[in-house]
Amino acid sequence: MINHYVPTSLNDALKYLSTHDCYIMSGGTDLMVQKHVSSLVLPRFDKDVLYVGELKELQYIKEDKDGNILIGAETKYADLLLSPIVPEIYKTVIKEIASPNIRNMATMVGNIGNASPAGDSLVPLILNDAEVVLKSVNGERVLKVSEYILGVKKTARKNDEIIVEIRLLKQNLRYLYRKVGARKAESITKVSCLVGYQIKEKKLIDFRVAFGSVGVTIIRNLEIENKYKNIEVKDLDVDRVISDYYQLVTPIDDQRSNKEYRHKVAMNLLRKFLLELKGGIDE
Amino acid sequence: MLPNYKTSVKKVDNEDKMSGLAIFTGDIQMDGALFALPVRSTISYGKIKEIHVPTLPEGYYFISAKDIVKENVCNIIVSDWPVFADKETHYKGETMGLIIGPDKDVCIDLVNKTYADYEEYEPVYEMKNSYVHKEFKKGDPSLFNGAAKVYSEEFETGYQEQIYLETQAMLMYLDGDKITVKASMQCPFYIHKAICRTLGCKEDKVRVIQPAVGGAFGGKEHYPSLMAAQLATAIVKIKKPLFMCFDRHEDITFTTKRHPSKTNISAYLDKNNEIIGLKIHVGIDGGAYIGCSMVVLSRALIACTNTYTFANLEVSGDAYCTNKVPSAAYRGFGSPQSIFAIEMFMKHLAGFLRVDALEFRNKYLVKTGDITCTSGVFRDPIILKPLMDKAMEMSDYKRKREEYSKPGSLRGIGISTFLHGCGFTGSGESTIINAQLKIKKDKNGIVTFYTSQVDFGQGNRTTLKRIVVDTLGIPEDHVIYDAPDTDKTLSTGPTAASRTIIIVGGLCAKAAQHLKEIWVDGEEQEIVEPYVGPSYIKWDEDTMQGDAYPGYAWGVNIVEVEVDPVTYELSILGTWSTYDVGHAIDERILVGQADGGLAQALGWAYLENEVAENGVFKQTKMSDYVIPTSLDMPHMETAFIDNPFPYGAFGAKGAGELTFVGGAPALADALEQAIGKKVNKIPATPEFIMELMNDED
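Protein sequences, first through last, are from chains A and B. Take 1 as the starting number for the first sequence in this note's numbering and just add one per residue. Take 1 as the starting number for the second sequence in this note's numbering and just add one per residue.
If a hint is listed, it holds; no wrong ones were tucked in.
In silico DSS-like pairs for lysine-lysine, Cα to Cα no more than 27 Å straight-line:
1) B/Lys621 / A/Lys35
2) A/Lys184 / B/Lys681
3) B/Lys618 / A/Lys259
4) B/Lys406 / B/Lys390
These are calculated hints, taken from the structure and not from any lab test. Please read these numbers as outputs of a predicted model, since none were measured by experiment.
Chain A extracted, bound-state conformation:
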């Protein structure tokens, strides 16, 4: 017998979690699809379900004194799009996720909790060193999203923990982003690329690259990024950067695309963005 629990408060949810091994459901836009059996039949869950989607205390978007944006876990994508304080890069990414009706239900924390290699919001979250706050009856801990996601559908969450907040740390970056799906709306990503950078006095003082859908999780490599920090922008060797990432990008063949295409387009996007970055120094 599967139970479905709707907590009245976060504390109530934490108490339930401390004694139950269960699914945590927010918008349900992914879980309900995963567990779908057939029309007119209830989805089949193999564990109890804790439905936290309506917890008002986890629905907020605020700014702390350091300029970081704190997002309550149960905030819907649609609310993030409407917020004046959510950084533009996140809105750019969210606008291309699913459809308006899905975005009215889905949450960013769901995208993190899922740990799918094709999770679009993971790309800016990981590139921007965003953090998640995990809570249990025993306390609280903070992990970077990149530390939280361990692999395909694998995360660092302990059974009694729940993500209560996403922290978008203040960044001073400019971005170049492109999602490639099968069509212009409502598509699952075949490959995506995000470049974040900061240029000061013609010097590249920050440089970051992330790829989505071309590996077991979002691809980002600090070692490579550090090599290109604090160099003159004109000295940025596009071919060298590409060769650095060439082996790191390890896509697969599936029903949506093939590995040759994904790899080639990942490299093409990186080249395009690097050239734009170099071309933009005189702005």
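Using the hints provided, position chain B relative to the given structure of chain A.
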């Protein structure tokens, strides 16, 4: 006097469909209805040794070939598809039986626990074993021996899934001892016939009623007959209402699709580079059972020279048996495949001869009075040139074609010309279908008429009614025209083959005209009007000789595209179309056909990718098998040029399929200009465009 088609009327089903009040099959609640779920084979080809069914709880049933009342055949054109796979299974997913019971959850578990022992045979997935072969000649193909040059190419097209909004669904119940069916369908009388045939029962023991239907595109022409034969076998035993409705992944995985094709064309040229004639072979992948594939092949062959006239032809084709889900009807019915091939071929041949492609194609364009490829005659006025001129003017074609010819423009504009034969092939309308229309009037002057035409969104409930209203010249609310019910209507044939307006519309106009002529106020009057085709149409299906269709509709598509050199994605920037559908009866409804048909064709050409691996489709969800969204389609401009057809209602011809057949070659032509490579295969997905662009030949 022709009605003014610019004034469109509100579709009769608009409000119900927009508000959600319309009742589709799945909306019908019937007390005590049992769910029927297919038990499917799990191998592509082999002997079914034994089916193991778990112990069934009280009130649950397993129905299989053992329960067949009379014949284990599904009545389709070639009835080789069994109602239930019995001794052998010929494709993975073939229905071996039904688990039936009151709780769908329990049924699902029972289906999962039912399995068969097999002796596996070697399956065939490639097009190599022909089960239908057709061939015909025109002129004297022996002249090919004297050719100075021969130019040959091969073309391929892929599967296409209908993605009707409403999946396959059927409710069957007993009304007294009468088997009554409500289903998502195109052809009520096909279902009626399929039930009578498998049960061996009398026609008056079966009634088929059409509820609201959410799209069909050919996918509900034959498959519902199979579902009906299965449920009918069950209802005879169980005597309770039965409901079968497919989930989307099930519908995509196991129901019929457009035939993939491989077409080979050779042109034989004389020393002046004039075409002596063509040799054309069209191969289509029919899947495990023939069903309607022989007619799809016929249509493909009849359309193989499209809008061109050649003096000498050697045409042949094969439908191949493969151990995959049978292919069947889909808007265009074989002609889009061969029209894609011939349009691209003519263009490539012009390139080979280093002459302008458009001028070269125009040289061979058909004219009124020309002999068709099957040695019939194009009798009615052909207005291809005005259609082309208008489309080119609307799209600014010449300037764009010139501008995009610069290397590296990554833009292209392409053009196709095409035709579509309306109605059943040859004299089939008079010899096979024999439509009869019943129209009656009561004492108060209220007129009721019946057809077996299903309105699955294309608008014929509105248009056919309008034909009768306009002919009689009485107020709209004095005419009653409801959805088909086989107890009330005579058969006016299937809702297929672009025949609804040209054939049934013509019949409606004629019947209404007769009623008008004998009209007496205050009296009940009834007329049964039989279809009478043009007497000059003579056709021999065995030799494929004669007039293939009662009439032809014509069109021109122009498509402009842009290719992203970074992601190889193709964007459609605009489409411009002109059509000769005779006389347009309701322009807004026609624009719906034009936009929808072209969007569907373009989806087939560049987006919709359905690949079978080991006999199983890889894309089985709408997130993986993607069709165009409104964002993927540009502004589409359409114009109609009037060219009334004497046998259609108010001069109307067919339009449903015409709007599909030219999209792919126009898009591929544009893509070729954008990337400077030949496109011999569709869908031209970004993955394929990448291969083409990086191919340094």
